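Peer 1: The residues making up each chain are set out below.
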Amino acid sequence: MSLNPIKSHRARCRETRELMSDYLEGELEPDRREGVERHLRWCPNCGRMAQNLSRIVDGLRLLGGNGPPSRDPSP
Amino acid sequence: MDMTSLAAPRQTRAPLGPPSVIDDEGLVARAQAGDEAAFNELAERHSSMLRRVLFRITKNCDAAWDAVQEALLAAWRNIGQFEGRSKFPTWLTRIGINEAYRGIRKGRVEMLELDDSVGERVPDWGARPDSAFESMEFLAAVSERLDGIPEDHRTAVVLRDVEGFSTREAAEALGIGERAFKSRLHRGRMALRAELDDYFDEGYVR
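Taken in order, these protein sequences are the chains called E and W.
Okay, so the first sequence: first residue is 1 according to the working numbering, each after it adds one.
Okay, so the second sequence: first residue is 1 according to the working numbering, each after it adds one.
Okay, chain W solo, but in the shape it has when bound (with noise of 0.2 Å):
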């Protein structure tokens, strides 16, 4: 590759060197300067969890995959936009969740209540083994009943706990306050808790 030959960039000194050695900030910088290499190597590098970050909300393989590519093109024809106030990826997963919640939402926003069933007896997941919390049968019984609670609280979930976003880059790939994503992701995994009650009544786990 005749690296001599890379344009200018407009906003930073684009670094040279093949993409896969350049980090996200530099390949962002190439990309912005026109460079198709770079914006695909940053693809190459984020789009799986793209890919299941959209899963999760869409729960179809094909929407999820019309997703990523759709959010893949905005985000090359709009690289010139970002600039750099959050992570690439953050702002990557915000453009496909755009992209996902375009093709399911239908009216407004599902908003879960927290259940106020205060004085009802909470169930005793039973006195397992630690392990019991690790193995198989619970983490395929998280997933199921995850796919089970609204979108929106789905999204902060898989977002703060399965993907390991920060608050803030959750947050930012949401669009929404810092507080309004805790009280998302908080009625999430109380959603989730009370999904996996059913799962425990039903005598799964040994």
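Isolated chain E, as found in the complex (with noise of 0.2 Å):
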């Protein structure tokens, strides 16, 4: 089976968003969420998504007058 590393790259990057919000939540399991910050460490379209993700939720917190903010998703 040959590899295609942007088939493969964009797979993941299509696997760790699916789980960004479980993840900026705190509520993967210890080996998925060592998987989404090791994408998120060198993919930096992920990054920044996870980033401005973690940005709006808090901004949607603070309309409801909620206080603390998600995690930081910087791994």
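If you are wondering where the hints come from, they were derived from the structure by calculation, not from laboratory data.
Predicted model, so just to flag it, every value in this text is computed and none were measured.
By construction, the Cβ of each residue, glycine as well, lies at the ideal position given by its N, Cα and C atoms.
Warning: the hint list may mix true and false statements.
[Said to hold, decoys possible] A few chain E residues that face chain W, going by a derived Cβ cut-off under 7 Å, partial list only:
1) Asn4
2) Arg48
3) Leu53
4) Arg55
5) Val57
6) Gly59
7) Arg61
[To be verified] Calculated lysine to aspartate or glutamate pairs in the DMTMM-like style (CA-CA distance at most 20 Å, straight line):
8) Lys87(W) / Asp24(W)
9) Lys182(W) / Glu18(E)
10) Lys182(W) / Asp152(W)
11) Lys182(W) / Glu25(E)
12) Lys87(W) / Glu44(W)
13) Lys182(W) / Glu15(E)
14) Lys87(W) / Glu27(E)
15) Lys59(W) / Glu195(W)
16) Lys87(W) / Asp23(W)
17) Lys87(W) / Glu25(W)
18) Lys7(E) / Glu18(E)
19) Lys59(W) / Glu70(W)
20) Lys87(W) / Glu178(W)
21) Lys59(W) / Asp152(W)
22) Lys182(W) / Glu27(E)
23) Lys59(W) / Asp147(W)
24) Lys182(W) / Glu29(E)
25) Lys59(W) / Glu144(W)
26) Lys7(E) / Glu120(W)
Relying on the hints, combine the two individually framed chains into one complex.
Peer 2: Rendered as structure tokens:
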């Protein structure tokens, strides 16, 4: 089976994006969390997406007058 | 008020004292025994939250107001069926959401798929200080763009992120499982993120 790094990378991006909310809420099992963090470390696109998502969730909480920010997405 | 004239509770012993000092469980017990003042106190406590949620769903003051009234009437009529497995505001919110959807739903649920543009560059919202994302300008943009995402996803985001319902409470309010709720919530957040990409492209935040 030949490796297609672009396809493989995009598959990891899709998988990571599916898990982003659970990751931001600290609800992933350790091995999945480590997988997401590993991907965010070297995929700038997904890193930006996680950061922007985190900012939105914090903004929504402020809209509702609620406090604590979501977890820092930086691994 | 003559407290000795309270009707005997059907399910639990109804606590004595004015409604304003009794917790929700106690008020529910009294309401289930026929005490309208107790139910009115419950309505007073939770109608603001209900109004906010239903306004976000309907995006219309009059429709939200109607849905709140219908929900409170329905809750009073059915208070005997409330078994206390969830919190009262969660149960009330579920009734309210059903009323709101009754007014606006035209067909099947619109389900968002995650944007599959994984190959495209995700915009950088800029090297702004964290305070830029707490500004009134940014929050106004979030609020405005929230109205633009489909209602089922908007409801999930409003319940969990704006109103602070737990995942379990929010799923119960919507009458769906927690996994389904989390999926709806995530899609709503991602849709909102995409909407705000446009906002930053337009250069509103300095």
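Peer 1: Compare the structure with each hint and give your call.
Peer 2: Verification of the hints:
1. About 13 Å separates the beta-carbon of asparagine 4(E) from the nearest beta-carbon of chain W, more than 7 Å, and the hint is not met.
2. Annotation: arginine 48(E) was flagged as interfacial toward chain W, and the flag holds, the nearest CB pair being 4 Å apart, inside 7 Å.
3. A cut of 7 Å between beta carbons decides the hint on leucine 53(E): the least distance to chain W is about 5 Å, and the hint holds.
4. Interface restraint check: arginine 55(E) against chain W, minimum CB-CB distance 4 Å, threshold 7 Å, status holds.
5. Satisfaction of the interface hint for valine 57(E) is found here, the shortest Cβ-Cβ separation to chain W being roughly 6 Å, below the 7 Å cut-off.
6. This hint holds: glycine 59(E) has a C-beta 4 Å from the nearest C-beta of chain W, less than the 7 Å allowed.
7. Contact between arginine 61(E) and chain W, as hinted, is supported at the beta carbon level, the nearest pair being about 6 Å apart and thus within 7 Å.
8. Pair hint lysine 87(W) plus aspartate 24(W) holds up; C-alpha atoms about 8 Å apart against a cutoff of 20 Å.
9. Of the pairs offered as hints, the one joining lysine 182(W) and glutamate 18(E) holds, with about 11 Å between alpha carbons and a cut-off of 20 Å not exceeded.
10. This hinted pair checks out: lysine 182(W) and aspartate 152(W) have alpha carbons roughly 12 Å apart, not beyond 20 Å.
11. Between the alpha carbons of lysine 182(W) and glutamate 25(E) the distance comes to roughly 11 Å, so the proposed pair stays at or under 20 Å and holds.
12. Proposed proximity of lysine 87(W) and glutamate 44(W) is supported: the alpha carbons are some 16 Å apart, at most 20 Å.
13. Between lysine 182(W) and glutamate 15(E) the CA atoms are separated by roughly 15 Å; this keeps the pair inside 20 Å, and the hint holds.
14. Distance check on the hinted pair: lysine 87(W) and glutamate 27(E) sit about 23 Å apart at the alpha-carbon level, beyond 20 Å; violated.
15. Proposed proximity of lysine 59(W) and glutamate 195(W) is supported: the alpha carbons are some 17 Å apart, at most 20 Å.
16. With a CA separation close to 11 Å, the supplied pair lysine 87(W) and aspartate 23(W) stays within the 20 Å bound.
17. For the proposed pair lysine 87(W) and glutamate 25(W), the alpha carbon gap of about 8 Å is at most 20 Å, so the pair holds.
18. For the given pair, lysine 7(E) sits about 17 Å from glutamate 18(E) by alpha-carbon distance, which is consistent with the 20 Å threshold.
19. At roughly 17 Å between alpha-carbon atoms, lysine 59(W) and glutamate 70(W) fall within 20 Å of each other, so this suggested pair holds.
20. For the given pair, lysine 87(W) sits about 16 Å from glutamate 178(W) by alpha-carbon distance, which is consistent with the 20 Å threshold.
21. Proposed proximity of lysine 59(W) and aspartate 152(W) is supported: the alpha carbons are some 13 Å apart, at most 20 Å.
22. The straight-line distance between the Cα atoms of lysine 182(W) and glutamate 27(E) is roughly 11 Å, inside the 20 Å bound, and the hint therefore holds.
23. Restraint check: the Cα-Cα separation between lysine 59(W) and aspartate 147(W) comes to about 7 Å, which is no more than 20 Å; the hinted pair holds.
24. For the given pair, lysine 182(W) sits about 16 Å from glutamate 29(E) by alpha-carbon distance, which is consistent with the 20 Å threshold.
25. A threshold of 20 Å between alpha carbons decides the hint, and for lysine 59(W) with glutamate 144(W) the separation of about 11 Å falls inside it, so the pair holds.
26. A distance of roughly 13 Å separates the Cα atoms of lysine 7(E) and glutamate 120(W); the hinted pair therefore holds under the 20 Å criterion.
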